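*Asks:* Starting from the given sequences, assemble the full structure and let the hints guide the process.
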Amino acid sequence: MNTVGIPRSLFYYYYKDLWQDFFSALKISYIISPITNKEIMDRGLKMSNSEMCLSLKNYLGHVDYLKDKCNYILIPRISNFKNDNQTCTNFWAAYDIVKNLFDINILHYNIDLNQKQTLKKGLYKIGKILNKKPRQIKKAYKYAIIQNNKRIKKNHQINLNKLKSKKTKILLVGHPYNLYDELIGKDIIKYLIKNDIELIYSDKFNPKITNHLSKKISKDLYFKYSKDNLGAIVYCQNQINGVIFISSFPCAPDSLACELAMRKLTIPYLNIVIDDNSSFTGLETRLESFLDMLGGKLND
Amino acid sequence: MKDCYLGVDIGSISTKGVIIDDNNNIITQAYIWTEGNPTKAVKNLLNILKQNLPDNYQIKGIGTTGSARKLIGLMLKASVVKNEITAHAIGTLTFYPNVRTILEIGGQDSKIILIKNGIITNYAMNTLCAAGTGSFLSSQAKRLGIDVKEFGDYALKSQNPVKIAARCTVFAESDLVHKAQVGYPKEDIIAGLCKSVVLNYLNNVGKGKKIVGPIIFQGGVSKNKGVVKYFKEILKEDIIVDKNSHLMGAIGIAILAKKHKTGKTYSLEMKNLKFQTKAFECHHCPNSCELLKIYRNNVLVDSWGSKCGKY
Numbered sequence: 001m002n003t004v005g006i007p008r009s010l011f012y013y014y015y016k017d018l019w020q021d022f023f024s025a026l027k028i029s030y031i032i033s034p035i036t037n038k039e040i041m042d043r044g045l046k047m048s049n050s051e052m053c054l055s056l057k058n059y060l061g062h063v064d065y066l067k068d069k070c071n072y073i074l075i076p077r078i079s080n081f082k083n084d085n086q087t088c089t090n091f092w093a094a095y096d097i098v099k100n101l102f103d104i105n106i107l108h109y110n111i112d113l114n115q116k117q118t119l120k121k122g123l124y125k126i127g128k129i130l131n132k133k134p135r136q137i138k139k140a141y142k143y144a145i146i147q148n149n150k151r152i153k154k155n156h157q158i159n160l161n162k163l164k165s166k167k168t169k170i171l172l173v174g175h176p177y178n179l180y181d182e183l184i185g186k187d188i189i190k191y192l193i194k195n196d197i198e199l200i201y202s203d204k205f206n207p208k209i210t211n212h213l214s215k216k217i218s219k220d221l222y223f224k225y226s227k228d229n230l231g232a233i234v235y236c237q238n239q240i241n242g243v244i245f246i247s248s249f250p251c252a253p254d255s256l257a258c259e260l261a262m263r264k265l266t267i268p269y270l271n272i273v274i275d276d277n278s279s280f281t282g283l284e285t286r287l288e289s290f291l292d293m294l295g296g297k298l299n300d
Numbered sequence: 001m002k003d004c005y006l007g008v009d010i011g012s013i014s015t016k017g018v019i020i021d022d023n024n025n026i027i028t029q030a031y032i033w034t035e036g037n038p039t040k041a042v043k044n045l046l047n048i049l050k051q052n053l054p055d056n057y058q059i060k061g062i063g064t065t066g067s068a069r070k071l072i073g074l075m076l077k078a079s080v081v082k083n084e085i086t087a088h089a090i091g092t093l094t095f096y097p098n099v100r101t102i103l104e105i106g107g108q109d110s111k112i113i114l115i116k117n118g119i120i121t122n123y124a125m126n127t128l129c130a131a132g133t134g135s136f137l138s139s140q141a142k143r144l145g146i147d148v149k150e151f152g153d154y155a156l157k158s159q160n161p162v163k164i165a166a167r168c169t170v171f172a173e174s175d176l177v178h179k180a181q182v183g184y185p186k187e188d189i190i191a192g193l194c195k196s197v198v199l200n201y202l203n204n205v206g207k208g209k210k211i212v213g214p215i216i217f218q219g220g221v222s223k224n225k226g227v228v229k230y231f232k233e234i235l236k237e238d239i240i241v242d243k244n245s246h247l248m249g250a251i252g253i254a255i256l257a258k259k260h261k262t263g264k265t266y267s268l269e270m271k272n273l274k275f276q277t278k279a280f281e282c283h284h285c286p287n288s289c290e291l292l293k294i295y296r297n298n299v300l301v302d303s304w305g306s307k308c309g310k311y
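Chains H and W are the protein sequences, given in the same order.
Numbering-wise (my numbering), the first sequence opens with residue 1 and increments by one.
Numbering-wise (my numbering), the second sequence opens with residue 1 and increments by one.
Keep in mind that the hints were calculated from the coordinates and are not lab data.
Note that the structure is predicted; figures quoted are calculated from it, not measured.
One or more of the hints may lead you astray.
Lysine to aspartate or glutamate pairs mimicking EDC-like chemistry, simulated, CA-CA at most 20 Å apart [claimed, not checked]:
id: 1; chain 1: W; residue 1: 307; chain 2: H; residue 2: 284
id: 2; chain 1: H; residue 1: 38; chain 2: W; residue 2: 281
id: 3; chain 1: W; residue 1: 307; chain 2: H; residue 2: 112
id: 4; chain 1: W; residue 1: 157; chain 2: W; residue 2: 281
id: 5; chain 1: W; residue 1: 116; chain 2: W; residue 2: 238
id: 6; chain 1: W; residue 1: 70; chain 2: H; residue 2: 17
Calculated from the model, a selection of chain H residues having no Cβ within reach of chain W, i.e. all distances over 10 Å [as the list claims (entries may be wrong)]:
id: 7; residue: 38
id: 8; residue: 47
id: 9; residue: 191
Incomplete in silico selection of chain W near chain H, CB under 10 Å [claimed, not checked]:
id: 10; residue: 54
id: 11; residue: 82
id: 12; residue: 83
id: 13; residue: 84
id: 14; residue: 85
id: 15; residue: 122
id: 16; residue: 124
id: 17; residue: 286
By construction, the Cβ of each residue, glycine as well, lies at the ideal position given by its N, Cα and C atoms.
*Replies:* So this is what it looks like as structure tokens:
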């Protein structure tokens with residue numbers, strides 16, 4: 001029986017539910033690497049090169065953890081979503097980097113809508129490699145997509161409800177693989193929740209809506225995920241108290257997106273760049289004072 | 001007996017303490033170097049303060065701020081522990097209610113606070129990179145063999161400040177070494193350094209912010225006349241530097257302590273206090289948290305750094 005390994009980083013945070021629904025429907029067993037811990041991060045740091053961003057280093061750590069625990073590791077290459085919707089180069093290169101660094105079987109598909117390589121074709125290809133019949137694959141794909149669309153709708157609704165909350169509201173902007181990673185953004189989320197902040201997440205909006213809205217900040221944006229992030233800011237800037245932008249060092253798309261957000265925003269804005277510094281003290285100072293300002297505690 | 005309140009601001013480079021009375025007048029103050037040992041620095045600080053405090057005062061509140069605020073807050077059993085941005089803003093607004101912009105450059109942090117009608121509207125702080133802050137200036141002073149306190153006077157002597165890369169202090173440092181070896185006079189290099197601190201600040205912290213007067217400049221670096229001069233020159237605005245500009249954080253936190261008094265009376269006597277910290281790494285899970293245990297008179301009072309909450 002084949003087991004597919006899914007690294008809990010990068011792509012995982014975009015496709016985790018879709019993949020799991022797809023594999024479960026096909027009765028393919030899969031294993032997901034554990035929540036990032038220091039050991040996994042250290043493994044990644046050890047084998048990566050200094051130019052890589054923290055998130056990619058982390059990804060390699062997860063792959064390293066999985067390498068002898070499964071038959072295949074699932075690594076897509078996501079190149080673009082048509083026209084001007086490019087993804088970050090890490091999403092193109094992860095497959096090649098892993099192939100060069102590790103001696104493992106990789107389960108691989110491309111998403112390149114300019115070349116008509118769709119998610120559907122990708123998942124069909126994977127089903128075939130894992131010896132499933134076309135009829136089964138079709139059914140599983142359909143099921144996974146329906147579930148996924150439901151989830152997007154639901155998450156969007158949750159965000160909309162949160163925007164009506166009476167608590168202090170902060171929009172957390174960032175790539176989901178940074179926001180929700182235990183060693184990258186989780187401490188910040190925990191701190192904010194502990195302080196009774198209503199958190200709205202930039203990745204939980206419907207990208208079809210946010211992508212379009214980003215044109216209000218700039219029409220020349222290149223990266224899809226930057227568009228989604230900035231679009232989320234445009235979407236809710238009149239209903240929130242502040243924006244916190246979390247990015248990992250040295251993320252190239254974010255360096256532009258952060259700067260744009262800072263210049264165009266009229267509400268309080270905090271930019272946090274995470275590298276593998278282990279101390280929370282500096283972060284705490286920034287978060288605490290940011291909350292003080294939002295809550296008006298400075299002025300009492 | 002009259003009431004008074006102690007504010008302690010423990011920064012990375014210097015430790016500041018003030019004692020104020022009910023009308024926010026400073027009764028006594030002290031400013032010493034932290035030298036990488038905040039607990040020792042605070043013990044010395046309290047000694048100095050105690051000697052200068054008249055006998056008819058009793059301390060009714062203690063507040064701590066600065067990067068070691070939590071540790072010292074535990075040590076002094078402080079009633080208020082707050083970040084330095086809040087403390088600075090409160091201190092400044094008490095004395096200058098009309099201020100619109102606060103520039104602050106400390107030992108490792110630099111920040112800008114924008115205020116409108118006495119309400120903070122926005123602020124920015126350097127990211128975790130400490131480029132262009134006080135610690136950079138003091139290490140360069142050491143390299144050039146002069147006391148950092150004389151830095152400003154040297155800078156004012158210069159007519160032609162040399163150009164020094166302003167983006168990153170690592171680059172700035174190599175630029176500085178080259179300029180010195182080529183033979184530029186010391187004062188021109190120092191003036192160039194001061195100018196690069198200003199440019200660095202405006203590029204990194206002040207970028208995209210509208211800086212309007214009245215502007216107040218504080219933090220340790222505000223005592224450097226060279227930096228003040230170039231702020232004036234580049235912003236084309238008057239820059240106010242209060243005579244207590246280096247103490248503003250401590251004053252702010254003392255004012256906060258006054259607001260949050262508990263009715264308890266505190267002592268400044270620390271001679272018999274044994275305050276220790278022990279660091280160790282927990283290996284119960286792959287996270288290998290770095291833990292810090294804090295002992296007060298050999299009793300464990302707190303431990304920090306655990307992700308799971310086991311300690």
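*Asks:* Please go over all the hints and tell whether each is borne out by the structure.
*Replies:* Here is what the structure says about each hint:
1. W:307 to H:284: Given that 20 Å is the threshold and the Cα spacing comes to 15 Å, the pair holds.
2. H:38 to W:281: holds, 12 Å
3. W:307 to H:112: Violated: residue 307 of chain W and residue 112 of chain H sit about 40 Å apart, past 20 Å.
4. W:157 to W:281: Violated, because 52 Å separates the two Cα atoms, which is more than 20 Å.
5. W:116 to W:238: Within the cut-off at roughly 18 Å; holds.
6. W:70 to H:17: violated, 41 Å
7. 38: Non-interface label fails for residue 38 of chain H: nearest chain W Cβ at 5 Å, not farther than 10 Å.
8. 47: Non-interface label stands for residue 47 of chain H: nearest chain W Cβ at 17 Å, farther than 10 Å.
9. 191: holds, 13 Å
10. 54: violated, 31 Å
11. 82: Residue 82 of chain W check passes; min Cβ-Cβ to chain H is 8 Å, inside 10 Å.
12. 83: Status holds, d = 5 Å.
13. 84: holds, 7 Å
14. 85: holds, 4 Å
15. 122: holds, 5 Å
16. 124: Status holds, d = 8 Å.
17. 286: holds, 4 Å
Of the numbered hints given earlier, the model fails hints 3, 4, 6, 7, 10; all others are met.
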